[in-house]
Amino acid sequence: KAGVTQTPRYLIKTRGQQVTLSCSPISGHRSVSWYQQTPGQGLQFLFEYFSETQRNKGNFPGRFSGRQFSNSRSEMNVSTLELGDSALYLCASLPGSGANVLTFGAGSRLTVL
Amino acid sequence: GENVEQHPSTLSVQEGDSAVIKCTYSDSASNYFPWYKQELGKRPQLIIDIRSNVGEKKDQRIAVTLNKTAKHFSLHITETQPEDSAVYFCAAAGGATNKLIFGTGTLLAVQP
Numbered sequence: 001k002a003g004v005t006q007t008p009r010y011l012i013k014t015r016g017q018q019v020t021l022s023c024s025p026i027s028g029h030r031s032v033s034w035y036q037q038t039p040g041q042g043l044q045f046l047f048e049y050f051s052e053t054q055r056n057k058g059n060f061p062g063r064f065s066g067r068q069f070s071n072s073r074s075e076m077n078v079s080t081l082e083l084g085d086s087a088l089y090l091c092a093s094l095p096g097s098g099a100n101v102l103t104f105g106a107g108s109r110l111t112v113l
Numbered sequence: 001g002e003n004v005e006q007h008p009s010t011l012s013v014q015e016g017d018s019a020v021i022k023c024t025y026s027d028s029a030s031n032y033f034p035w036y037k038q039e040l041g042k043r044p045q046l047i048i049d050i051r052s053n054v055g056e057k058k059d060q061r062i063a064v065t066l067n068k069t070a071k072h073f074s075l076h077i078t079e080t081q082p083e084d085s086a087v088y089f090c091a092a093a094g095g096a097t098n099k100l101i102f103g104t105g106t107l108l109a110v111q112p
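Chains Y and Z, in that order, give the protein sequences.
For the first sequence, the positions run 1 to 113 when this note's numbering is used.
For the second sequence, the positions run 1 to 112 when this note's numbering is used.
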């Protein structure tokens with residue numbers, strides 16, 4: 001089985017721009033979660049999607065948004081980028097609701113200049 | 001709010017020694033406790049997990065214990081090897097959600 005695929009792996013943006021990150025979960029998995037990893041804040045939950053519906057949302061400003069498509073692929077968007085948004089964004093795939101066992105992708109490393 | 005505290009933040013051991021990392025969670029509804037290992041520049045990978053209906057689980061050199069009353073859970077690595085060197089994260093999740101609350105991580109260095 002292919003693992004969790006995240007694109008792009010690396011990207012550089014400037015303040016005020018927006019960015020869209022993509023995640024393709026493991027085949028057959030219907031749930032996708034997103035996490036932000038920074039040296040200062042560690043791993044923080046962004047949101048979780050299941051069957052195209054957002055099931056849970058972390059404590060991030062409205063500039064952070066996401067969606068899930070009918071094929072379970074997910075995207076997250078960050079608008080009006082700030083320097084503090086520089087981070088590794090990790091997507092995790094789960095078999096379904098309530099399964100808990102997350103498999104992470106390699107992440108998208110965003111640098112905001 | 002939900003919180004997971006993890007200690008120590010760094011741990012250095014000699015090869016062959018044991019390593020113990022401890023976590024405490026705040027949400028009494030938590031019922032799933034995974035441990036992830038993250039090597040430098042790589043993704044977090046699940047190494048072991050435990051659910052609230054079990055007090056201990058072991059997988060070769062790795063074991064996890066859970067004390068629900070005290071809201072503590074711990075990772076034990078025996079006979080450590082240099083390849084065990086990494087950052088280890090504990091996490092907790094509860095109820096119908098898959099939202100993981102992570103600890104702040106422990107940098108384990110195994111000296112050969």
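Where hints are given, some of them may not hold.
As the list claims (entries may be wrong) - Once the Cα atoms are required to be at most 25 Å apart in a straight line, the calculated SDA-like pairs of lysine to any residue come out as:
no.	chain 1	residue 1	chain 2	residue 2
1	Z	LYS68	Z	ASN31
2	Z	LYS42	Y	GLY84
3	Z	LYS37	Z	ASP49
4	Y	LYS57	Y	PRO39
5	Z	LYS42	Y	GLN41
6	Z	LYS42	Y	GLY42
7	Z	LYS57	Y	ARG9
To be verified - In silico contact screen, one side only, chain Y against chain Z (beta carbon under 8 Å); selected entries:
no.	residue
8	SER33
9	GLU82
10	LEU90
11	VAL101
12	LEU102
13	ALA106
14	GLY107
To be verified - Estimated spans, in silico, between C-beta atoms of each pair:
no.	chain 1	residue 1	chain 2	residue 2	range
15	Z	ARG61	Y	ASN59	32 to 42 Å
16	Y	LEU113	Z	PRO8	32 to 42 Å
17	Z	SER12	Y	GLY58	27 to 37 Å
18	Y	GLY58	Z	PRO8	25 to 35 Å
19	Y	GLY58	Z	SER28	31 to 41 Å
20	Z	GLU83	Y	ARG9	17 to 27 Å
21	Y	ASN59	Z	ASN53	24 to 34 Å
22	Y	GLN17	Z	LEU107	32 to 42 Å
23	Y	SER86	Z	GLU39	17 to 27 Å
24	Y	SER22	Z	GLN111	34 to 44 Å
Everything labelled a hint here was simulated from the structure, so no lab data went into it.
Values in this document were obtained by computation on a predicted structure and should not be read as measured data.
Built from N, CA and C at the ideal position, the CB exists for glycine as well.
Open item on the list: Tell me the numbers of any earlier hints that the structure contravenes, in ascending order.
Closed with: 7, 9 and 19
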